[in-house]
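Chemist: Each chain is listed here by its residues.
Protein chains: 2
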Amino acid sequence: MKVIVAKNAGFCFGVKRATLLAFEKASETTAGVTCTLGPIIHSPQVVERLEEKGVRVINSLDEMSQGRVILRSHGVTASEIQEANDKGLEVIDATCPFVKKAQNQVKILSEEGYDMVIVGEKEHPEVAGIVSYATGRVFVVASAADALELPSMQKIGVVAQTTQSYNTLEEVAAVCLAKAKELRVFNTICDATSVRQDEAKVIAGEVGCMLVIGGFNSANTRRLTEICCEIQANTHHIETAGQIDQEWFAGVDSVGVTAGASTPKWLIDEVLEGINALCGDKKG
Amino acid sequence: MKVIVAKNAGFCFGVKRATLLAFEKASETTAGVTCTLGPIIHSPQVVERLEEKGVRVINSLDEMSQGRVILRSHGVTASEIQEANDKGLEVIDATCPFVKKAQNQVKILSEEGYDMVIVGEKEHPEVAGIVSYATGRVFVVASAADALELPSMQKIGVVAQTTQSYNTLEEVAAVCLAKAKELRVFNTICDATSVRQDEAKVIAGEVGCMLVIGGFNSANTRRLTEICCEIQANTHHIETAGQIDQEWFAGVDSVGVTAGASTPKWLIDEVLEGINALCGDKKG
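Keeping their order, the protein sequence lines are chains R and B. In terms of our numbering, the first sequence is residues 1 to 284. In terms of our numbering, the second sequence is residues 1 to 284.
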């Protein structure tokens, strides 16, 4: 079995930084309680390893009264940071610097009187964080069709969830231009997502089976799976090596492997070992 | 002969304002020399009437050393205003307020570090004036194809010549978004042009002959003629009633009349009288 592993599989810059920071803090013996506000990244396996080291996930600051809180890579809301500070907690900010930038740009534009349009998914924690920095009117749109429903405004500021597609940003910007006298757009999209997707598309077209590794709660991994599926019907989203089904490899002589931005290298390695154990390895 | 006259024929807000101002100043007996820097509007007939009242057109400030200078509706360059002030001339600013706004926005964006993209025709005096307010890099593009040739930039500011089509602005903005991390667009397009064009299209489709009145040096009148020609082949661009050719009306039972933004009402009235004299009038 020939195995092609994507060069851009796994951790992006922001996730790597957040994870390193969390494990570093977990290994410090001086501190008392250490929690992450929401999962540090969308990988249940990484979260589990951190829990083994005593770092607990909380979903609300009500769950802790002292100690150290790590802000996850997707960021949290402005009021949550305020609350943590008010409580006297030690705040470790593991927010991805690109997300941080988007939050800051919303704050600045909002203070300068722009009505804000955020391109992204309403229910995504990154979007909830970004939205919270608006001091004036703010709308979340997932598509140009959503943007068409917006009212006319004098000055519109547009910022995107960092993992959005550029096409969606462009289409939303065009709709907003028609609704305003002034339009200001910050392209806050991080290339990592599109680079990963483009490479996955190429690999999916060259193999007989495609495996996409990543948390079932990871939006970018789910999207990556969808994209591969469009090209290679024999595509499967797995979290761990144990989920591989040997039947997927029947009559197949090559398998492609990629992974979402929250997938650690050790999980990818385990999947490669799993393929090898089942079929014998000839890595491409 | 049925005659349909466009409601939106002739003077736009900025042209009306400039013309009134020029005639008002011409009638003041106190001042010495009064000149306009470039034709006050693109109507040779209006310019001629002003000349009869002693208001001369100059093409350069070298042609005057004292007196009063009127800045035309399309605006002049920043250095020309500076030169007029340095010479101690009395400056009467008849620049269209919408053009003035575009000039100011270029100045502000440029001072804030944006590389400027002006959507318009390089050789148009309005564009030359707007461009002159940029303190940093500035590019003029007439189309999205032109914009594709631009280099990548950090921050792009986009402003349009007031008579550009909205579609061109939208297309150029989309290209610029792909070339920058930040895009700021001021929609400086004045609706008068598109409203006039849309009405002319409807009328051209209903009549057997279409007349478009306006200076042969008026870009908006030439464009209006082109638009009518696409719908009604029997379309003619004239400056005055004397240019009407009776043959245009052969076998025709209705004629449409519109006029560019620089065409005064009395020229339109003369054309209507001309049609009446040739064919008998039944105004629609």
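Errors might be hidden in some of the hints.
If you only want the chain B side, here are some residues facing chain R, beta carbon under 10 angstroms, derived [stated by the list, open to error]:
{"hint": "1", "residue": "CYS35"}
{"hint": "2", "residue": "LYS107"}
{"hint": "3", "residue": "SER110"}
{"hint": "4", "residue": "VAL158"}
{"hint": "5", "residue": "SER165"}
{"hint": "6", "residue": "TYR166"}
{"hint": "7", "residue": "GLU170"}
{"hint": "8", "residue": "ARG184"}
The hints are simulated quantities; they were obtained by calculation from the structure and are not laboratory data. Backbone N, C-alpha and C fix where the C-beta goes; we use that ideal spot for every residue, glycine too.
Chemist: Where does the structure disagree with the numbered hints, that is, which hint numbers, in rising order?
Modeler: Going through the list in order, the structure violates hints 1, 2, 3 and 5 and respects the others.
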